[in-house]
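Asks: If you want the building blocks of each chain, they are given just below.
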Amino acid sequence: MAEHYKVREEDLLFILNEELHYGDLCNYDRYKELSPETLDMLVKEAIRFAKGVLEPLQSEGEKHGVRFENGKVYLAPGFREAFRLCGENGWIAAARDTTYGGMGFPHMMRIVINDIFYGACLCMNFLSSLTHGAGHLIESFGSEKLKELFVPQMYGGKWSGTMALTEPGAGSSLGNIKTTARREGDHFKIKGTKQFITYAEHDLAENIIHLLLARIEGAPEGTRGISLFVVPKIRVNDDGTLGEPNDVICAGVEQKMGLHASPTCLMSFGENDECIGYLCGEENRGLSHMFQMMNEARINIGVCSTTVASTAYLNALEYCRTRLQGRDLAKRKEGEVPIIDHPDVRRMLLWMKAMVDGMRSMVYATAYFVDIANEDPDESKRKRYGLLLDFMTPIVKGYCADMCFRVCETAIQCLGGYGYCKDYPLEQYLRDSKIFSIFEGTSGIQSLDLLGRKMRIHSGEGYKAFIEELNLFLRENNGSHRFTRELDILKGAVERLKHVSDVMIRRMDLDPLQAASYSYPLLRCYGDIILAWRLLDMGIIADEALSKTGGSNKSAKKSFYQGKIFQATYFVDTILRQTLSRLDMCAREGREIIEIPDECF
Amino acid sequence: MDIIVMVKQVPDTTEVKIDPKTGNLIREGVESIINPDDRNAIEAAVQIKESLGGSVTVVSMGPPQAIDAITEALALGADRGILLSDRCFAGADTWATSFTLGKAVEKINDYDLIICGHQAIDGDTAQVGPQLAEYLDLPQITYVTGIEKITEDLIVARRLVEHGYERIECPLPVLITVMKELNQPRFARFDRLIDACQETAPIEIWNAADLGVKAYQVGLQGSLTNVVETFAPKFKRKGEILEGAPQEVVETLLMKLKENNLI
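Line by line, the protein sequences give chains A and B.
With the working numbering, you'll find the first sequence wraps up at 601, consecutive numbering, no jumps.
With the working numbering, you'll find the second sequence wraps up at 263, consecutive numbering, no jumps.
One or more hints might be untrue.
Unchecked claim - With beta-carbon atoms standing in for the labels, derived distance ranges:
no., chain 1, residue 1, chain 2, residue 2, range
1, A, Arg285, B, Pro202, 38 to 44 Å
2, A, Ser555, B, Val227, 21 to 27 Å
3, A, Leu329, B, Val227, 55 to 61 Å
4, B, Pro202, A, Ser555, 47 to 53 Å
5, A, Glu3, B, Gln127, 28 to 34 Å
6, B, Pro202, A, Glu334, 58 to 64 Å
7, A, Glu144, B, Pro202, 34 to 40 Å
8, B, Glu229, A, Glu334, 53 to 59 Å
9, B, Lys149, A, Pro77, 44 to 50 Å
10, A, Asp328, B, Asn261, 31 to 37 Å
11, B, Asn261, A, Ser555, 45 to 51 Å
12, B, Pro202, A, Thr574, 50 to 56 Å
13, B, Gly91, A, Thr574, 35 to 41 Å
Stated by the list, open to error - Some but not every residue of chain A turned toward chain B, in silico, with C-beta under 7 Å:
no., residue
14, Tyr31
15, Thr38
16, Val43
17, Glu45
18, Asn89
19, Asp97
20, Thr99
21, Gly101
22, Met103
Hints are computed from structural coordinates only; laboratory data are not their basis.
Think of the CB as a built atom: it goes at the ideal place given N, C-alpha and C, for glycine as much as any other residue.
Next comes chain A alone, as it looks inside the complex (with noise of 0.2 Å):
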């Protein structure tokens, strides 16, 4: 397979520095030694990284899957020295505190470096990502002393991460957690089995760092009993050193739809009493710590979503650009042309390039929120974009990993036979992409989670926040005359969005089962509302730049700010209008789903 991923550093730098202006974070006190230049750096080397390091390693990865042997599970070659290379060179933890071993990068960067480094080899970059996110709970949660013994070790790559949490019997309810925790000294014995754990066993790092889910003894029955703990492959010993076995054995791998060079393991703690585990945090609050690396992943989501969608469509764009097949209906041009002339294929990747600037700058916004909400002076601005976050988190997760799922299906299309054949690299996009809309919570619980929570927690402060921020940018527009149709389309559906919300919000209280019936449909009627926002705020940026110049841009420069105001006419004026009627399904008195007997099914 000829080079699979596909990036167009323009349209990042475009929403990173046109409409985030995510240089300004160097202002912030925390980011003073960093430049905006840095960060552009940044990107250009990530994706320099990225195409020589981890590319590579995609096919290779999906030609030899993982082998389990003996306990044992062995990746492809190349994988080791990668990950080494990530940690080495400071990829891991760019964004953490220089105090163990981070790069002291804003937060975003870290979003920015995964949507480049999961386009190139999605695998790969999992461990990376993993590692950070457990190394990140114990240095927000743990003791000085595991933060010193641990941390450093795992953002330089010699060791990695997981996050173990789901069991058997507890997936999606993790209140059913079995494994228990005895305390026993200065730590406890830790006893249980834990599935679908990634990476929990594998040949690239010395020592591979659990951080687990587990209930004390004696402790209250449901979620309210869960603590966290570290538990490693092999024991540390004070100085850092790697001691005996720790009784942490994989029982097997499973075997997946996609995903072949990532591996998904079953995992038994303790079966022999000897497992020993660290209490990271506080007891029984282990839920509630494990939340942050929790939703970290969910954005993350976004991110894999976003940049799989980026690639798909750039694959299938240069296939559709090339390919010569039938003749031009209009007889514009003679003989063959190439399919990209054929306005059905022109209206598929016309839909997948809106789809994807939109979740770009959806997540890379949400990313920025993070930022801000941390490190503004001003705390009314960081109570603000805190909000947001929190209430967008749940769409950005749930909307791009099932958006994700069908660009990469119309990119097949795109293709004809080619796209299913393995010959090219969208099949396996499609397969592995499917994961993204159940792991990290599926879209269903996304969903609820946006309706029973997120909508409603602190009077429903971020639901308000959200509803602010779409009508805090359609008043800063209003004199926008290019788009005047378009924003007003946008108004009207921000302000059926916030009635069908309020019924929906109301309906939650006295009609649980039927609200829950539509939360879905809801979610993804919010995602389309915030693409059309984001994708109407770079056509504005772009016809301003546009007239700026007066038209004297070169014309690669004048097509690609052209192309962000075609994608976002098109968009909201076609698939605002299918929203409104999703948001008019919502709201929807018809009780069929519930009233439906099971034995009718």
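Given the structure of chain A, go ahead and fit chain B onto it with the hints provided.
Replies: For chain B alone, kept in the frame of chain A given last:
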């Protein structure tokens, strides 16, 4: 060991696409990068510095935006960067380029080794390194694919020749041109990246006056060659079908191949 590395910023030709209708290259929107062989040159210099100590200075001639290449070279391990930038340097052929670079080397003065990439992917001439050595009156080892030994006084290098390799021992100072087989260039480290982008980064910009050269000596005016025209060669194909008995056809074919000096 003080090393000078010559670096050129070039368009990333791997990103250049071909218009399926016209067959022409589409150059618009193509990123600028450090010439790939020059990355090998930087890597070689940094490795030598890491083993023997000393310093690495990168020198590039180009428009102001070529400073990005210098910044990147610093992030890869160079200690000092010098950009030779002046309107009068524009349009230089390989001789005028070598002359300008030579003036910069003379101004730097202290060096033991000069490393150049074997050739640039935009011009493909492979002339600048050798011409620079001639101008400086230095020994040169071209097409280097391996450095077997290097001390404060001498280098043993392996160079590629048509049917194999040559091992050359040479006293320092020397100029070498390196090929991609020499090493695997590293990626930038974060801490170096941050330092390289600071305003205080050790980057200097030298113009014609700094080098003590006149406008007529450099750039287009100082060039000994001029590009008159660039074009894609057109091949006219003429088909001929040989008919007759197989033996006869084969004999005719052989005769025609011989006539055209093809066998």
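Asks: For each hint, tell me whether it holds in the structure or not.
Replies: Hints and how they fare:
Our hint of 38 to 44 Å for arginine 285 of chain A and proline 202 of chain B is violated, since their Cβ atoms are close to 50 Å apart. Serine 555 of chain A and valine 227 of chain B have their C-beta atoms about 24 Å apart, which keeps the hinted 21 to 27 Å range intact. With their beta carbons about 44 Å apart, leucine 329 of chain A and valine 227 of chain B fall outside the hinted range of 55 to 61 Å. Hint check: proline 202 of chain B to serine 555 of chain A, Cβ distance near 39 Å, so the stated range 47 to 53 Å is violated.
With their beta carbons about 31 Å apart, glutamate 3 of chain A and glutamine 127 of chain B fall inside the hinted range of 28 to 34 Å. Checked against the hint of 58 to 64 Å, the pair proline 202 of chain B and glutamate 334 of chain A passes, with Cβ atoms roughly 59 Å apart. In this structure the hint that glutamate 144 of chain A and proline 202 of chain B lie 34 to 40 Å apart at CB holds, the actual value being about 38 Å. Between glutamate 229 of chain B and glutamate 334 of chain A the C-beta distance comes to about 31 Å, which lies outside the given range of 53 to 59 Å.
Restraint check, lysine 149 of chain B to proline 77 of chain A: a C-beta distance of roughly 31 Å breaks the suggested window 44 to 50 Å. Range check, aspartate 328 of chain A to asparagine 261 of chain B: about 46 Å between beta-carbon atoms, so the 31 to 37 Å window is missed. Between asparagine 261 of chain B and serine 555 of chain A the beta carbons are some 47 Å apart, a value that agrees with the proposed interval 45 to 51 Å. The given range of 50 to 56 Å is respected by proline 202 of chain B and threonine 574 of chain A, whose C-beta atoms sit roughly 54 Å from each other.
Distance hint check: the CB atoms of glycine 91 of chain B and threonine 574 of chain A are about 51 Å apart, inconsistent with the given range 35 to 41 Å. Residue-level restraint check for tyrosine 31 of chain A is violated (minimum Cβ-Cβ distance to chain B is 10 Å; threshold 7 Å). This hint holds: threonine 38 of chain A has a C-beta 4 Å from the nearest C-beta of chain B, less than the 7 Å allowed. A hinted interface residue such as valine 43 of chain A counts as satisfied when its beta carbon comes closer than 7 Å to some beta carbon of chain B; here the least separation is about 11 Å, so the hint is violated.
Contact between glutamate 45 of chain A and chain B, as hinted, is supported at the beta carbon level, the nearest pair being about 5 Å apart and thus within 7 Å. For asparagine 89 of chain A, the suggested interface contact is upheld, since its CB lies about 5 Å from the closest CB of chain B, less than 7 Å. The criterion of a C-beta within 7 Å of any C-beta in chain B is not met by aspartate 97 of chain A, whose closest approach is roughly 13 Å, and the hint is violated. A distance limit of 7 Å between C-beta atoms decides the matter here; for threonine 99 of chain A the minimum to chain B is near 14 Å, and the interface restraint is violated.
The beta carbon of glycine 101 of chain A comes no nearer than 11 Å to any beta carbon in chain B, farther than 7 Å, and the hint placing it at the interface is violated. Given the 7 Å rule on beta carbons, the hint for methionine 103 of chain A holds: about 4 Å separates it from the nearest Cβ of chain B.
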